[in-house]
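Colleague: Protein sequences, first through last, are from chains B and R.
In our numbering, each residue carries its 1-based index in the first sequence increased by 7.
In our numbering, each residue carries its 1-based index in the second sequence increased by 3.
Just so you know, the hints here were simulated from the structure itself, not pulled from any lab data.
Watch out, some of these pointers could steer you wrong.
What the hints assert, rightly or not - If you only want the chain B side, here are some residues facing chain R, beta carbon under 10 Å, derived: (1) Phe40; (2) Gly79; (3) Tyr143; (4) His193; (5) Val195; (6) Val199; (7) Ile202; (8) Arg217; (9) Ser273; (10) Pro278.
Ideal placement from N, C-alpha and C gives every residue a C-beta, glycine not left out.
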Amino acid sequence: MFFRRYFIACLLGIIILSTGCSEAPSSNNHSSFISWDDLQATPSVGKSLCWDISLLGSKPSWEQIKIDFKTGIVIKLDIPDAKEIGYQTYEIPSERSLEINLHLWYGGGNFRPANIRFLVLLDEQQLNAFASDKPYYDVTISPGEETIIPLQVTFVLSGVHDLIILGIPYLDEYPNPEGVVMILSHRVTLIVPPIATPFKQINFVTLPARGLLSRGDPAIPLMLTLREEELKVWDWPNEWLISTTDVIEFFILSGYENTVNLDAPSLKKPPQLFFAIILFVDYQQVGIEFEKNVIYGKVTSDTAYTSNRIKIRLQEGEHYILVIKVNNPGVPMCILQGPPGGRILPFNVVGALHGINVLHK
Amino acid sequence: MKIMKILLSSLIMAGLLFSTTANVLADDGDSGKETPNDYIGQVSTAISDVLPGRAGMRPGIQPNAVNPVPGGGYATAQATLVWAVARMDGIADTSLSSSVQSTYSLCATATQVYKNGVPKGGAGQVCGARSGGGSVRSKKSVYEYVFGYTWRLDTNHSVTAPGYSWHPSLTIYATP
Chain B
8 MFFRRYFIAC LLGIIILSTG CSEAPSSNNH SSFISWDDLQ ATPSVGKSLC
58 WDISLLGSKP SWEQIKIDFK TGIVIKLDIP DAKEIGYQTY EIPSERSLEI
108 NLHLWYGGGN FRPANIRFLV LLDEQQLNAF ASDKPYYDVT ISPGEETIIP
158 LQVTFVLSGV HDLIILGIPY LDEYPNPEGV VMILSHRVTL IVPPIATPFK
208 QINFVTLPAR GLLSRGDPAI PLMLTLREEE LKVWDWPNEW LISTTDVIEF
258 FILSGYENTV NLDAPSLKKP PQLFFAIILF VDYQQVGIEF EKNVIYGKVT
308 SDTAYTSNRI KIRLQEGEHY ILVIKVNNPG VPMCILQGPP GGRILPFNVV
358 GALHGINVLH K
Chain R
4 MKIMKILLSS LIMAGLLFST TANVLADDGD SGKETPNDYI GQVSTAISDV
54 LPGRAGMRPG IQPNAVNPVP GGGYATAQAT LVWAVARMDG IADTSLSSSV
104 QSTYSLCATA TQVYKNGVPK GGAGQVCGAR SGGGSVRSKK SVYEYVFGYT
154 WRLDTNHSVT APGYSWHPSL TIYATP
């Protein structure tokens with residue numbers, strides 16, 4: 008009798024202990040839309056979605072800009088029938104296809120021609136927007152030259168849309184050991200009325216933290232690594248990873264980012280960051296997870312980095328792996344860039360670019 | 004007595020080791036915070052009224068870039084790696100020359116500090132509206148032994164006003 012009680016007590020103890028010691032349930036299934044509370048932002052006064060852009064002063068003409076801009080490149084979009092309603096935010100009167108002109112001015116003070124590869128994303132999906140059979144467009148532009156590239160943007164339905172022009176200059180200088188890539192990005196928001204909510208309704212999945220800021224782990228906006236347990240960039244210090252198998256597994260590390268506005272010291276940082284992660288192989292968007300072209304994730308403010316395992320199959324030869332992270336997708340630009348003295352939320356596009364050479368087996 | 008001495012010296016050694024290798028969090032923000040003046044080495048690179056592509060600077064164009072700023076004066080982006088024996092600071096500065104009359108939105112981000120290809124973290128983006136002589140700074144400190152390693156700092160900067168947008172990125176290396 009004593010041994011039976013003892014056995015039951017032990018069994019109960021083991022069950023309690025094992026339950027208590029098991030991992031917390033994964034939060035992967037928790038998904039939600041973005042709300043004003045999430046952004047720690049407040050709607051504009053009145054009926055308008057955006058704050059009054061005239062607070063920033065008058066905008067110079069394109070011709071004046073070309074005179075002022077001596078070095079670097081200036082990007083401008085001409086969107087037909089679009090009404091500017093706020094910072095980089097445009098209203099389109101009705102559902103339609105758009106023929107947009109992308110203007111590039113490359114200042115006369117630049118010291119060499121620039122070759123740039125352009126890609127276009129609408130709602131985080133790569134478009135075949137160019138008069139070309141490829142989903143990207145290469146242009147070489149000389150100092151002191153203006154170039155206009157026509158873009159065909161597919162039918163835009165009512166709602167809130169992100170249009171992002173991505174440019175990668177000097178392609179022949181990539182990859183590098185750290186995977187750092189210079190990305191020219193020009194992001195605008197297109198709004199086609201009527202809209203039910205100010206934010207695009209995207210389901211963001213909670214991504215569990217693998218590194219914690221409170222534990223002293225390094226804050227990593229975006230990085231690719233080959234081994235999840237080792238915090239090392241790709242195949243550093245090699246520029247090209249040599250692979251003898253055609254199935255490649257790697258991990259995308261991505262973490263919380265915040266923008267501190269020194270002119271608004273009382274604002275607390277948002278409790279979460281929302282972002283989209285997109286994968287390109289040889290500058291063409293590919294599936295990133297099972298039946299998904301985009302990872303829509305959210306992380307808490309203590310997340311130094313989270314990790315997503317990626318597996319892709321590649322053909323023999325050299326390939327470029329480009330991953331980009333778009334912060335706060337689906338939120339209008341005029342809300343992300345608040346008025347003077349207001350909240351500024353991350354809307355940058357960060358990227359990581361690596362090389363892989365698949366050899367014969 | 005001998006055992007006590009060994010124990011004591013072991014404790015002191017462990018304490019020293021911990022104090023020199025422990026990581027601390029990034030400064031995540033403006034670095035108005037003072038740091039001890041114990042630097043023993045520094046490299047930095049800047050873009051202001053010079054063209055990109057010099058040694059020590061990542062070659063390439065600056066997106067939406069222009070210098071000087073409209074109305075007179077210059078904007079400057081600067082990346083700095085500065086070190087003591089057991090600390091590496093990666094600093095991103097964005098500033099305006101004193102002759103600038105208008106107000107611009109300045110941002111700076113010390114995006115990532117690498118030690119032999121291992122990311123050691125970055126600091127968040129810091130922004131502010133500034134006019135002539137104004138600046139913003141983002142700083143990441145890594146509390147580790149610095150000698151014998153290749154360190155790299157990537158920074159991002161922006162200077163914006165209506166119709167004007169400059170977003171340079173900088174990269175510098177140091178091998179103390």
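Colleague: Run every hint past the structure and note whether it holds.
Modeller: Each hint tested on the structure:
no.: 1; hint: Phe40; result: violated, 25 Å
no.: 2; hint: Gly79; result: holds, 2 Å
no.: 3; hint: Tyr143; result: violated, 17 Å
no.: 4; hint: His193; result: holds, 8 Å
no.: 5; hint: Val195; result: violated, 12 Å
no.: 6; hint: Val199; result: violated, 25 Å
no.: 7; hint: Ile202; result: violated, 26 Å
no.: 8; hint: Arg217; result: violated, 13 Å
no.: 9; hint: Ser273; result: violated, 14 Å
no.: 10; hint: Pro278; result: violated, 15 Å
Going through the hint list in order, the structure does not satisfy hints 1, 3, 5, 6, 7, 8, 9, 10.
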